[in-house]
Structures are given as structure tokens and as C-alpha cells.
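Undergrad: Given only the sequences and the hints, what does the whole structure look like? Please build it.
Listed below are the residues making up each chain.
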Amino acid sequence: MTGQPQPGLTGEAGLAGQPPGGLTGPRRAAASGRSALRRLPSPGRCILIVIGVAVAVAAVYPHAFTSLNPNTIDPNAILAGPSARHLLGTDEAGGDIYTRIIYGTRLDAEISLFSVAIAYLIGVPLGILAGRRRGAISEILTSLTGGILAFPVVLLALLVVGSFGASAGTLIVIFGLAFFPQVTLLARAQTMAIYGRGYILSARAAGLTERRIVVAHVLHNIAGPLLVLVPQLMATAILAEAGLSYLGVGVQPPAITWGSLLLDSKNYYHADPLYAISAGLVITIAAVLLLITGDMISESMDPLRRR
Amino acid sequence: MRTPRLRPGTIGIRLARTAAILVVISIMVFLALRLTPGDPAALLLGPQAQGQPGYQAEIAALHRQMGLNEPLPVQYLIWLKGIVTGNLGHSNQNGASVAGLLFGAAPPTLFLIGISLVIAIPISILTGTLAAARRSGIADQIVRALASLSLATPTFWLGILLIVLFAVRLHVLPATGYVSPTVSVGQFARSMILPVATVVVYLVGVLTRYVYTEMCEVCEQDYIRTQRALGTAEWAVLFRYALRNALIPLIAMIGIQFAGLISGAILVEQVFGLGGIGQLMLQGVLLKDYPLVQGGVLLITVLVLVITTVADLLSRWADPRLA
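Chains as they are written, first to last, in the working numbering: chain Z, 1 to 307; chain A, 1 to 323.
Using C-beta positions, here's what the derived DEER-type ranges look like:
| no. | chain 1 | residue 1 | chain 2 | residue 2 | range |
| --- | --- | --- | --- | --- | --- |
| 1 | Z | Gly196 | A | Ala20 | 25 to 33 Å |
| 2 | Z | Glu139 | A | Val172 | 49 to 57 Å |
| 3 | Z | Phe65 | A | Ile78 | 55 to 63 Å |
| 4 | A | Ile138 | Z | His270 | 33 to 41 Å |
| 5 | A | Ile78 | Z | Leu201 | 53 to 61 Å |
Beyond 12 Å from chain Z on every Cβ pair, some chain A residues (computed):
| no. | residue |
| --- | --- |
| 6 | Ala96 |
| 7 | Val172 |
| 8 | Pro174 |
| 9 | Phe188 |
The hints are simulated quantities; they were obtained by calculation from the structure and are not laboratory data.
Glycine included, every Cβ here is placed at the ideal spot set by N, Cα and C.
TA: The structure is reproduced here in C-alpha cells:
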């Protein structure tokens, strides 16, 4: 399923969410940047960073974590339980489940990273454009994003994948298109909030060009709140990939994603529960860690939230 | 006398925007179905018919029957004309009326979403408020951890786990299938427990996080500090003063979540074999049943738009600052 709670989806809420009479603009961003650095070595963060690095290594050099080949099958060990050689046992063809999970990391990382990148490349410019002033452009963009948000992602994906065939590339484009409205709405709300502040007026009075204002003030100040959404959308991409795999329109073999493993394990809940549970748990753990990362970023941004 | 909170202009702009979104989506779906590879006639006949004598003639006849020989704009206008006159067309697969198919499949989906919302909203308000009331306390930590966990669990996987536990191992609930409440209320309830539980777990995760964020923001405002300083009981501060303002964005949030709920319902219906709109659409997309998919998407979009518009107007009515 898609959709995360996003504080500040509307311009009004974004305004209301600002600390009353707090630091404004660049000063506030600089302050949170400093304290974010100071808070870096907390144990929770260290664990997250270590896991993040491990996942990155698994995505780039999967053989660093396993000596087995994900597509080697062992006809003598079909749906075998865990052993020294097969940490999480083997699947229906005798493939090593642990190895297949490690090798699935790469496509999941690619799908979640690139789809979110596409969403931001489209969403941020449109959001700033719509947030700068009210008018026809803002109205059209709001309707467009509203229309895409009103459209269930799974249906969109089924329509496209059903015809173009499933590959990581198709999924990246679909998720990018499905996610960009959320980015647009958030960027728009934040931009509107910033344009309501005094320092934009001062910058204009000081003779700064509009382009300079957008780059130096708007982009600089909306970057933080926008960053919070990145891990959330990545988690959504991983979950959506799993959902589409389950419907049979995910990546096709021999490509491996965590979703495809979950699909393969579908019929063995009784015969080999560890198989089905480990495939689902990997997805859950990855998504939880991403959500926690998002919460941590969000907390480090807001001086009032920190306790 | 109070001045009217909703100006007719606001409502007019909302309705115009809703209509524009509907037209855009109808064109997008129409083109998405036709411009992507895959011929519905060929899919209907199946791969085994290919190359047999008379195959091409059969395809051509089916195309004529499905109205696919007309130019695209004409096809679109014919479809629009049908909608205006209340005719959504007939399924390519078996000629059944699309409106009838959708109407028949609607109850399981609507019951699933409706019951889940009714259960999930009060739970989320309670858990979100409790967590926000004791910021950084144990209740806060636990509630937020559980909310993140429920969001991160693939919905359909949770559904399968529930089936394995309650149907396969414990034999207390049916694994799949839907029983209409007009047939047997008891069996209807039994058939809905697991699907609803699956959706509720997800919804409570989403909504709790949202209530929590809103409550934290509201609790930092001056009027709450004033209430506390006046010695108002903490529960009254939370539930009588803070919650009111925190719930306004929640109304709009539920509207926004609705499209996501439909996505989730497609998966959950598939797991539990409820035979709802989601399953109907899945089948339609895979077989490129143009009229069925177009009609279904139209129905879902209208539903989502009506709900988001009502939610938006409701929150503007509740909060005059937004109107």
C-alpha cells in the first residue's frame, strides 16, 4: 500500500507547523545542521549507518556476504531446513535462500533509489513552481497531482506492467510517476510557507534575482523537510514491489528481488515456514529501518521535537 | 448569526477541479489501455488459436464487435456518450454488462474498506493521543515502534500469515471466500474477520503516526499551555482542547489515503479470495478488457474524488482558517 502520514501536505498545515516566533530561514537550517552533526554518534544512528553500509555493500558486492551462487540448485536439498551450508535452508529448487536474499538486495535498492530520484526530479521543480504564487499554473498542477494521487498505484502499475512486461526499469518509471505528486505537494506547501516569510521580501528588496532567491532561499530551506520523505518513499517502493510480485507482475526470473522470493515461497507456508517467513521479514525489516531513518531525520530537523 | 463558513466560490472551484481531474483520468486510462501492446481480441482467443485457419477473420470480427475499428477520438466519444446515458458498455470477455459486474463486486470491497475504517479510526485516535501525551515515554516509544512496524509489513504477507495461523493451523476461521450478509450474517462476519484485521493493522499504523504528529504540533501551541497553566485536567486538555484541532487535518488525510486503501484492497481481496472490485479489475487488466477496466477505474476514481472532496470541504467547514 502506499501513502505515509505527511505532515504539511497543505500550505496551511505547513505554516501552522512552524515553531511560533522561532528561528527563521537560513539561521534555523544552519542551527539544525550543526546539532545534527552533534547528535551523529548516538547509538541508534550508528547502528542505522552500519546497516546502511552493509546493505550498500550487499547491493554492489553480494559475493562479500555469501560464497554460493544464487542460481545454483541443489537437487539433493529441496526445501531443506537450515544447516551450516544453507543458513536459512533451501527453496523449492534447492537454491540457497540466504544467498538469494543477499542477491535480491541489488534490484530492490535500485528500484527504491531510482524511483525516488525520478519522483524528486519531477516533483521538486513542479512544487516550487506551484508554490511561488497562486494562479492558473498552481491550479493546474494541483489538479494534475490530485488526479494522480486519486489513482490507485497498484492499478496504474497493473495497466503499464500488464502491457509492457515487468522489469526493474518499468517498475522504477511507474513508481517514480506514482510518487512525484506527493513530492510536488510537499514542495509546494513548503515553498508557500517560505514565500510567506519576511526574508524573501528582504531578498527581493535587496535586488536578488528570482532565480537566486529560489536557489539560495527556497531550495535551501525546503531541502530538509523534503529529505524526510525520501526514506518513506523508498520503503513504499520496496513494499509496492513486493505487492506487484505477489500479483504476478513483478520482475521475471532469473532476476531476483525480495518480492519475487516472497512470491516463490507462497506455496510453502506449510512445508517450509522459515522460507516464507524469512522472505517477508527481510522486506519488513528493510521498510522499518527506512521509516525509522525518516523519523530520525525529521526529529533532527525540528529543534522543538528534540528531547 | 454566524456567517456561512463555506463560500459558494470555494465549493465551485473544488467541483470544477474534481471534474477536470475526472476528464484527465478518463483520457489517461483510455489511452493507457489502447496505446500499450497487447490485443484484447488475441487475448480472448488465446495463444492456441493463433495460426489456425480463419484466425485473422475471427480477430477482425472481434475488433468490429468491440468497436475497435473506429479512430481513437471516436471510440472515446462513444464511451463518453455511453457514460452520460448510463451505459458503461459490456465486458469483452463474456458480454456481461460492466455496470452489473461492478455492482456485483462492490459489496465485498466496500465492506472491507468501510468496516476497517470504522475500527481503525478510533483506535488510531486513542493510540496517537496517548503517545503524544507522554512524549518520549515508554508508551510513546512502543506505540511509534508498533505503528512503524505495521506500516512496514507487506499487507498481503500479513494476510497469508493470518490464514496460515487461524485457518490452516487452528481451523477457527475460513481461509478464503466471501459470504454475503444477506445469506448469513454470522458467516459474513467470519469471512470478514481476517481481511478486515489485515487492513486495520495497516490503517492503524498510518493513522496513528498521523494523529501523533498532529497532536505533538497542537500540544506545543500557546492555548494548550494556557489550559495547562489554568490547571485543567490533562485528559481534558488532550481530548477536549487539543484533539479537536488535531482531528481537522485527519479528515483530509483519510480522503488522501483512500486511493492507497483501494490499492491495498486489491491485494487483500486477492489473498482472501473475496471477489471484489480489485479482483475484477486485476482480471480485466490482464485480459485487456477495455470496457471493464475503463468502467472500474471510472468508478474507483469517482469514489476517491467524492471522498477527497467531501473530506476537503468538511475540514474547511471545521476550520474557518482554511475556507
